Every structure is written in C-alpha cells, then in structure tokens.
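Peer 1: Residues per chain, in single letters:
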Amino acid sequence: MIPSKFDYVRPNSVDEAVAALKAGGEDSKVITGGQSMLPLLRLRLAAPSVLVDCARIDEMKGIKDNGDSVTIGAASTHWDVLNNEIVKTHVKLLADATATVADPQVRHRGTFGGALAHGDPAGDLPAVVVALDATFEIAGAKGRRQVTAKDFFVDYFTTAVGPDEILVSVTIPKLGKGWGTCYEKFNRSANGWAIVGVAAAVKVEGGKITEARIGLTNCASVPVRASSVESALKGVSASATEIESASQSAADGTRATSDLGADKEYREHLMRVLTARAVSCAAGA
Amino acid sequence: MTELAEHVAAVGRPLKRKEDARLLTGKTQWTDNIQLAGALHMAILRSPMGHAKITKLDVSGALKYPGVEAAYGADELGDLNGSVPCVWPVTDDMVAPDFPALAKGEVRHMGDCVALVLAGTAAQAADALEGIVVEYSALPAVIDMEEAIKDGSPLVHSDKGTNKCYTYKLQPQGDGAYEAAKAKADVVVKRRFVNQRLIPAFMEPRAVVASPMGTSGELTIWSATQVPHVLRVLLALVTGVSENKLRVVAPDVGGGFGGKLQCYREEILCVALANKLGRPIKWNETRSEDMMATHHGRDQLQDIEIAATKDGKLLGLKVDLIANMGAYLQIITPGIPLLGMFMYPAIYKMDAYDFSCIGVFTNTTPTDAYRGAGRPEATYAIERIMDELAHELGMEPMELRKKNWIKHEEFPYTTAAGLTYDSGNYEAATDKAMALFKYDELRAEQVKRRASGDKVQLGIGISTFTEMCGLAPSRTLGALKYVAGGWEHCTIRVLPTGKVELVTGTSPHGQGHETAWSQIASDTLGIPVDDIEVIHGDTRTSPYGMDTYGSRSLAVGGQAILRAGEKVVEKARLIAAHQLECSANDLEFDNGVFRVKGDPSKEKAIQAVAFEAFSAHDLPDGLEPTLQAESTVDPQDFSYPHGTHLCAMEVDTETGKSTIRSYVCVDDIGIQINPLIVEGQVHGGLAQGIAQALYEGAVYDSDGQLLTASFADYLVPSAPDLPSFVTDHTITPSTTNPLGTKGVGEAGAIASTPAVINAIVDALRPYGVNDVPMPALPMTVWRTLNAARQGGK
Ligand SMILES: Cc1cc2nc3c(=O)[nH]c(=O)nc-3n(C[C@H](O)[C@H](O)[C@H](O)COP(=O)(O)OP(=O)(O)OC[C@H]3O[C@@H](n4cnc5c(N)ncnc54)[C@H](O)[C@@H]3O)c2cc1C
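Listed in order, the protein sequences are those of chains E and V.
The first sequence begins at 1 in this note's numbering and counts up one residue at a time.
The second sequence begins at 1 in this note's numbering and counts up one residue at a time.
Excised from the complex, chain E in its bound form (with noise of 0.2 angstroms):
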C-alpha cells in the first residue's frame, strides 16, 4: 500500500529532534528503523503530518561501558546490539534475545530503542529490559528525565514516552558474578513474533538459587515480571524438578489474551512450561 502524506525532517542532534517533533505538532511522530512505522503507514492505519528520522542522530548511537552498567544508544539497530562485544559480555541476555527479533533484513533496520518506544507487548526486547531493571533516558523540551523500566512501559503501545518526547538512550546494569541468563521464545514460524517469550537472569551460589529475575513478554498489555516464581525459586536447588514446580505459578499477575496463535489457556500453559526451561537453562539445571 502508498501511505498518505507526509513531511520528513532528519535532525542531527535530539534537541533539533525534539524541536522538530515540536514544530510538526500533535500528528508528528519519531521514525527511526521504520520496521514497526511503516507497515502501519503502508496499512495506512497512522498518517501523521511529519516524520522525525532519529536514525543518524550520533548521539542515539553506539554502546557504552560504564563499569557497572552498560549504555545503549536508542538508535543502535538490532544487529549492531547482538554483534557488540560489551553487550555479549555483559548483558548477553540482550544479545540472546536480540538474535531471536525477526529476521537478518529486519535486524540490521530496526533499532532497539524503537522496538522499546513501540511498546508492542509481543515485542521480545520489553522484558529483557524489565527483567534487568534497566533505565531510560528520554528527552523532551522540558530536558531530560529518567525512567525505571517498571514505569516504562504504560500499556498496549504506549510507553513513558510522550508525543513531544524522544528515547535517547537505555541503561542496563551489569548482573556479575554466578548469575546465568537465558530467553525462550515461543513462535509458531522461524521468525514471526512471540506466542510468549521469557527472559530469565537467575543466580546460583551453591547449588540454591538464591536470586531470579524473570520477564515475560506478550503475557499481558505490558511486559511484566513473573514475580511469584521469583521468590518461589528463592533458596531452592537448581535442579529441573524443584524449578519446574516452582513455575507453576508463572501466569499469576499475567493478563494473557487470545489470538490465532494462542488462546489464554494455552498461552497460561506456555508460561508455566517455558518459565521452568528458561529458568533450568539460566541456571545450569
């Protein structure tokens, strides 16, 4: 399909970003990979008045070390993350999550930020970044605030990021040492998206777990944390049977809806089944 109308404008910096975002006016809207943006242009299912390409902003690009933690430019592409050493070092669940996004084309256009500021609850990258407590930089004409994961993502397509607002850059803090991570994706075809996805980063000091975080994508509007099976894995071994029966209770707090590809029932079930392989594989069980 031929999208309607618009303006574009490629800044060189986020402020001329952000006035830019501002001059277009209530109907302008960031565009960076386009991987997300332009089938619902072509769908014509959005139209907006002009277009703010944040792709070559250097500032949005490139990934740092920062000691503890490590910060990515919203604007790196997919395959920029999952290629980069600091990110395969030191958040390789990110890297591992990364490598499941899609296909080759779709990795080397979309961007990491725009798969965050989508807020598409099938995306995989949300619950990575909930499961590692990561934090948001945003930029607006107020300056600049940061956001924790938690309150980042709002709901269906709808993140902390406001109209006029520009997601500059996200940090992750490092996990260290004894903890393993793994993320599970569950689709129907190679590269179509997550029935359900979940990103686990779990410790393990003497046989116990004795920490475990776990995100959980495409379980309800938003990423969320499978909180219960995180303090049911406190203290037990890491073995597949205790953590299998510790995941039993992954779909609490889930609000799971149905699709084609999934009803609720099912998608509950994959929860359960796909917690305790996540888990076991983190975990060396």
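Rather than coming from a laboratory, the hints here were simulated on the basis of the structure.
Predicted model only: the values in this text are computed from it and were never measured.
Incorrect hints may appear among the rest.
Quick look at which bits of chain V chain E covers, simulated, 3 or more residues with Cβ under 8 angstroms [claimed, not checked]:
1. 119-126
2. 556-568
3. 699-711
Only pairs whose alpha carbons sit at most 25 angstroms apart, straight line, appear in this in silico SDA-like list of lysine to any residue [stated by the list, open to error]:
4. Lys88(E) / Pro720(V)
5. Lys177(E) / Ala141(E)
6. Lys264(E) / Glu392(V)
7. Lys64(V) / Arg42(E)
8. Lys455(V) / Leu41(E)
9. Lys264(E) / Gln636(V)
10. Lys349(V) / Asp290(V)
11. Lys264(E) / Lys567(V)
12. Lys448(V) / Lys22(E)
13. Lys88(E) / Arg42(E)
14. Lys5(E) / Phe589(V)
15. Lys61(E) / Met1(E)
16. Lys455(V) / Gly284(E)
17. Lys5(E) / Ala629(V)
18. Lys184(V) / Leu170(V)
19. Lys455(V) / Met1(E)
20. Lys264(E) / Gln790(V)
21. Lys5(E) / Lys567(V)
22. Lys64(V) / Pro3(E)
23. Lys455(V) / Ser245(E)
24. Lys567(V) / Glu603(V)
25. Lys264(E) / Ala788(V)
26. Lys5(E) / Tyr72(V)
27. Lys64(V) / Lys61(E)
28. Lys27(V) / Met1(E)
29. Lys5(E) / Glu392(V)
30. Lys448(V) / Glu59(E)
31. Lys402(V) / Asp431(V)
Some chain V residues well away from chain E (every beta-carbon gap over 10 angstroms; in silico) [claimed, not checked]:
32. Gln196
33. Leu277
34. Lys403
35. Tyr482
36. Asp530
37. His578
38. Ser631
39. Tyr695
40. Leu715
Quick reminder that beta carbons are idealized off the backbone N, C-alpha and C, glycines included.
Following the hints, put chain V with the ligand in place on chain E, whose structure we already have.
Peer 2: Same frame as chain E, now just chain V with the ligand:
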C-alpha cells in the same frame, strides 16, 4: 570437416537455468515495471464486509482529489462491467451465479470489488479511494459449508434459492458396488478430514497494464498471468473486444501456483477501461488485496470410508466431499474437486470406488486451482486413511501399502477410478526411500522413546503417492465438460546463421522452461543449448498455446517440441540429401550433422542446411524455403508420477510443537530433462505441502472477516522452518509420451502434506491420538493431545 564442437547430449544434464541471472538480479521486465506515457493508475475499493447490501455508493467525492480522472461504481461502469467467466460447468444443472467485476448492489466476500478510481499516479489513486462514500447494510453471512447447505441458511445468492452449486457422483463399478464390497469387509474405517483453505501467496503480486497500441485498434495487455493464451480468449468473450485485436503478454512472472490461472476481475476492468478511454490503464495489487482477492485453494470436507479384510486387503473406498466454491465461480472452480476425484484410489487395488461431491457457496473468496488442484486433497485423504486402517488392523503402515499397491509388473493398470496408469515402480522408490531414511533405525528409536516416556516423541509419516499430470487429452476434457482442449504447440525455426527460435505455447512463471526446452530441442536438432532461444508468453509471437498449469508443460508441451524438432530434421534431411547428391535414406543424422552412409567425408551440418534453406538457391524441386516446422500435439493420455515420501517428526508433548527431524523423498517422474530443475521443483513443492500441514490456513470469522489477511497471520514458512531435504529418484519412463516424462511441478506439494501429518499422528498414537487437524500448529496439537489424554478424541 565441420568446425562445430561435438554435440553432447543435453537431456539429463543438471544445467544451470538460463533465465536465472535475469530473474535473480531483477534485470527483467515484471508487469509492474512497465511504464507507459499517459497511463492511468487504477485503485480498487474493496468490501470490508463478508456479506452486505450496498445501500449507498457515491464515487463523485473521489473526483475532487488531485490527479483523479474518473471514478466508477457498477452504475457508472454500465456495460463495461463484464462478468468473470467459469469454463467448467461440471453438471448440466450447476448453479452458476453472475460474477460482475464490480459488485452490483451486494458484496459477497471480503475483498469483493465495489468501486474504482483512475488517477495519474498510483499514490493519487490510493488517496482518492478515501473520497468514495459507501454505506453497507450487513446481511447474514455463511462461512461454514455444512451450515450453508442446511435449510434456512442465509443465501450467498438469494436469487438462486440455494447455496448448493452442484452434486457430482462417480460410481465406476455401478450403484451398490461399494456397498457390496463393504459387506464382505472385516474392517471399515471412516474418517472426516478437513482440508483447509490456503492462499497461493506467490511472490509477485498480480499486476496488469492494458493499453491501446498504434493505430490499428490493437489492445495489448501485459499481465502477471500464467495463462496468456486462455486469457486472451476469455477477455475477448467477456469484454467484446475482437480477439484478433487483443494481444496478451505475460512478461516474466513471479510465481503462480495456479493462482494466476484465471481471468480476474481486475484484468477485465483494465481491458474494458483502456478500450473505452483509449489510454493505458495500470493496476497492481497490494499484498493485503492479494490475500483476499486472489483465488484461494483447497477447502474441502472429506468424509472417507475404507473397507478391508482382516489381513489388510482393500475392498472398497467411498469418498463424500463437500467443497467450498467461495462466493462465486471462477475459471475452473467447480472442477477442482473432480481433478481429485480420480486420484482417491491412488496406487491401490480395490474392487469398488464410490465418489460424490457437493459444491457449496459461502461468503468467502472464490477457490480455484492451487498447486496440485484436487490431487493434494485426494492424496491427503487416502494416505491418511491408509495409516488409520493400518492402525485398526495392527499392521505396519508400509506393509499395508505394499500389500495393496499395483505391482510394477502389473502396468498398465486400470484403477477403480477408471484411469489407466501407464507405468510405475512403487517397490523400487519405496526401497530406496526407506534405505535413505534409515526407516528401521528410526522405528527402533521410536520404541525406545515411547518406553522411556520421553517428553519429545518421535513419529514416522509415510506417503506413497501418485498423481496425474498433463491435463489431457482434449476428448477426455470434453467428456468432463471442460470447455478447452489439452493440446500444446511448438514452432521451431532454424535461422540462417544456425541459431534457433523455439516458440512454445507453454507459459513459464518460474519453472525454467527456457532451459529445459532448449535441452530437448538441442538433442533433437544437434544444436547447442545456448544457441536456442525460447520464445513464450506473448500471443503475438507465440499464437497457439494452452499455457502452464497442472504439471502439463513438459508432459504435453515437451512432445510438441520433440515433434517440431523432428519435422525440422526431416526437412533438413531432404535439403542435405539434395546437396550431397544422395537419397534421403542414405543419410544418417548424428549430433547435428548429416553424413552419407559409407562415405563419412560427405557431410553437412544442420546449421549449413539452414543457410541453404534461407538462400534457397539450390533446394529440391517443390520444397519450400526456410528451415522451420511446427507441431501441435494432443497427448495420448495423462502421465502418473509417483514417489515415496518419509517424514520423521519430533513432537514436543509439553508445548505441542512439531519439528521435522528428517525428510526423505524418492520421486519417479520418468525421464528427467534437467535434474537440477527437478530438484528445485521438489524442494519448492515440499515447502508448500509442509506449509499446509504445519503452518498455513486461511481463517474467516463468522461474519466473513478474513483473519489471516497478512503475512503476520498467514504463516508462510521460510527456510529456517524447514529441514534439509533428502531428495532422490527412480526412473520409470512414461509410456504415453515419446520423451518418457511425467511432470514434477506439483509432486512435492501433493505428497508431503500427508507424510507430515501421518508423522505427527504416529508420534502421538500411544496417547490415543488418531488425527490432528491442519495446520498442526502447536496449540492445535497440544489441544488434540490433551483431549486424547482425557479419553475423548
Ligand atoms: C517482519 C517483522 C518481524 C518482526 N519480528 C519481531 C520479533 O520477532 N520480535 C520483536 O521484538 N520485534 C519484531 N519486529 C519489530 C522490530 O523489532 C522493530 O525493529 C521494532 O519494533 C521497531 O524498531 P524501529 O527502529 O524499526 O522503530 P520504528 O518503526 O521506526 O518506530 C516504531 C515506533 O516507535 C517510535 N520510536 C522509534 N524510535 C523512537 C525513539 N528513539 N524515541 C521515541 N519514539 C521512537 C516511533 O515513533 C514509532 O511509533 C518485527 C518487525 C518486522 C517488520
């Protein structure tokens, strides 16, 4: 002595495809690349409703948009609103509703054409659709086929008073024969299989350009079609434009799978409007339009019953189909189930066969040919029920097949459906496949996994399929009330410089005809493959043809190439004999050179003869100049490729996910002209057949909303979803054509679907699972398994 290189036999060599460089790099002309000055772009407003009355339609608003030159609803279009033709009235009393290009007051499926806009650019046309005012009043929709044939069902065509299109019966052994066979049976197995609706999803969406050319009143139509010749006849009949003024060109076409075997609404509209306005009209569809307005495939409910003795000898087979026509009939919609009708007995011997089919209208996109067209449905049902029968009998499924199949020494064999299979060797293909597959090892592993209660179970699926290719001969088609014939044409011209033009009536859309046809002609003429140019897909340059579908192009078209080539050689022989001063009988022809028997120093290459035929200075008396010949061949009979396909499937019993571990197929397609092309066809076919089993399915809600209207929901698998295939072959030449070829375009798609589902069912048999609906998506398998575990089915 001649300087020409020794000719090496071309047939049988895995030559790389001549056409690939241009196709793969895009350095070619797809229909949508055609830019004509002054063209108007057409955009179509489609029904978002499954069934509704159009209570208001005002297209005038669209005229206010920039660049718009015209807008039409059915009222504005008047007489130009031609109807989509159906050329296969399968019964005398078949209900054939009118199918106007633009809906007249009522829409009957999501995607039905309501109005159109013509504008200077495609973007302007798309924008202007928003200016059309249309109001609908919803009518009750009927989607479910069984609901549709109940009394009191909403009617798709209220003027027809019924949703039944036709009822067809075939009882080759006579009425009551099946019941008599069944009476002798120890075991009778009955199943309902659902062969779900599929969307062809070819790579290049449909596109049309229609334009007046020159001053002679000629109208040229470029269309992404697989049937330029058939399309020309139909467009002439539908639009009233004189056939000799119509030229249809199929430029390079990016796939079809039957989906471009059609005379579509949009083609009719472009031609009618170009003719009326005297300007080029261009249209190309979006993928979403394609999903809802290109004809769909399959969609049958199959009640199948098989009767056997307790030691596994088949006695009879009864098949009762309900086939979804969709909202209207298109080119051969009603005939598709009947192409399958002949194939239910498959490779098995039995005493009696009984078939019936009810065609039904529903508020869905019309169905028609899709890779295999009727035969995949038949193969699915028979190969599935053979496994079910084996299970009931406690027999190994391959043993049951061996016990009943036609033995290689029994060919030619007339089946219970009345077809005479010319040749085959099911034993050889099966032995080879089982060895490659390591059948016994896998069965042993299956036993172990079952015993250990492994969460991932292993299943083995078998499909020993056959099918019929080369839709023909013409008389047979006539007897089935199909309007057209089944012949094919070829002209071969050897040019003065020794290069060759080969004009074929087949119309490739990805199959590699240019290479394979060159190989056939190369061997016949003794002229190198690279010196042969294959000309196709243009009714001006290749005026006669029946086009490409049903794996007919080689099985039928190949014969015409061979015969035309032989005629060229016969004529060349007369000229060579004249010039070498001997009698034609004294010449032998080898590798493109005529030599006098016993005096090999006297020789003449066919290329040199071509020049003599051109200069015509010294031809035998009465012989016409030029070296060319043509042939139109009506085939003697169908051909029957067959094969043994084996699938090993791992089924995760926790999630229901099925993963193919290995897939082996041994196909017997007779003589192979180009084994590389054969392999490609098999791979693609397997992907599509596996797609039906595991991924694809068009789904409508009860209002007629197509829920799978994009690739996000309609799951076409990609390479990572498919295993590495092991493909091999046996060669049992066809005896119904001189090349010995059978056809391979559809084999993979026909054979693989039941192999995959049989494998899943086999994996889950210990849990009491006896069937899994298609597509066997994880949730479906999980639900089936749960139901079986709870004792239900
Ligand atoms: C075929 C296909 C398959 C896919 N499969 C998956 C999958 O399996 N898993 C998965 O997680 N994702 C998948 N995606 C989505 C992919 O990850 C996209 O790249 C991502 O959703 C959006 O990133 P983008 O840079 O392309 O954003 P864009 O499309 O440019 O923008 C998306 C939205 O985010 C906003 N936005 C973008 N960047 C910013 C910013 N810096 N600040 C503020 N707002 C911003 C835009 O305004 C827009 O609303 C798939 C996409 C496609 C096309």
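Peer 1: Now tell me if each hint is right for this structure.
Peer 2: Each hint tested on the structure:
| no. | hint | result |
| --- | --- | --- |
| 1 | 119-126 | holds (count 3) |
| 2 | 556-568 | violated (count 0) |
| 3 | 699-711 | holds (count 3) |
| 4 | Lys88(E) / Pro720(V) | holds (24 angstroms) |
| 5 | Lys177(E) / Ala141(E) | violated (40 angstroms) |
| 6 | Lys264(E) / Glu392(V) | violated (36 angstroms) |
| 7 | Lys64(V) / Arg42(E) | holds (23 angstroms) |
| 8 | Lys455(V) / Leu41(E) | violated (44 angstroms) |
| 9 | Lys264(E) / Gln636(V) | violated (57 angstroms) |
| 10 | Lys349(V) / Asp290(V) | violated (42 angstroms) |
| 11 | Lys264(E) / Lys567(V) | violated (69 angstroms) |
| 12 | Lys448(V) / Lys22(E) | violated (67 angstroms) |
| 13 | Lys88(E) / Arg42(E) | violated (35 angstroms) |
| 14 | Lys5(E) / Phe589(V) | violated (68 angstroms) |
| 15 | Lys61(E) / Met1(E) | violated (31 angstroms) |
| 16 | Lys455(V) / Gly284(E) | holds (19 angstroms) |
| 17 | Lys5(E) / Ala629(V) | violated (57 angstroms) |
| 18 | Lys184(V) / Leu170(V) | holds (21 angstroms) |
| 19 | Lys455(V) / Met1(E) | violated (45 angstroms) |
| 20 | Lys264(E) / Gln790(V) | holds (20 angstroms) |
| 21 | Lys5(E) / Lys567(V) | violated (61 angstroms) |
| 22 | Lys64(V) / Pro3(E) | holds (19 angstroms) |
| 23 | Lys455(V) / Ser245(E) | holds (16 angstroms) |
| 24 | Lys567(V) / Glu603(V) | holds (20 angstroms) |
| 25 | Lys264(E) / Ala788(V) | holds (20 angstroms) |
| 26 | Lys5(E) / Tyr72(V) | holds (24 angstroms) |
| 27 | Lys64(V) / Lys61(E) | violated (45 angstroms) |
| 28 | Lys27(V) / Met1(E) | holds (24 angstroms) |
| 29 | Lys5(E) / Glu392(V) | violated (64 angstroms) |
| 30 | Lys448(V) / Glu59(E) | violated (58 angstroms) |
| 31 | Lys402(V) / Asp431(V) | holds (11 angstroms) |
| 32 | Gln196 | holds (13 angstroms) |
| 33 | Leu277 | holds (22 angstroms) |
| 34 | Lys403 | holds (38 angstroms) |
| 35 | Tyr482 | holds (37 angstroms) |
| 36 | Asp530 | holds (35 angstroms) |
| 37 | His578 | holds (63 angstroms) |
| 38 | Ser631 | holds (46 angstroms) |
| 39 | Tyr695 | violated (6 angstroms) |
| 40 | Leu715 | violated (5 angstroms) |
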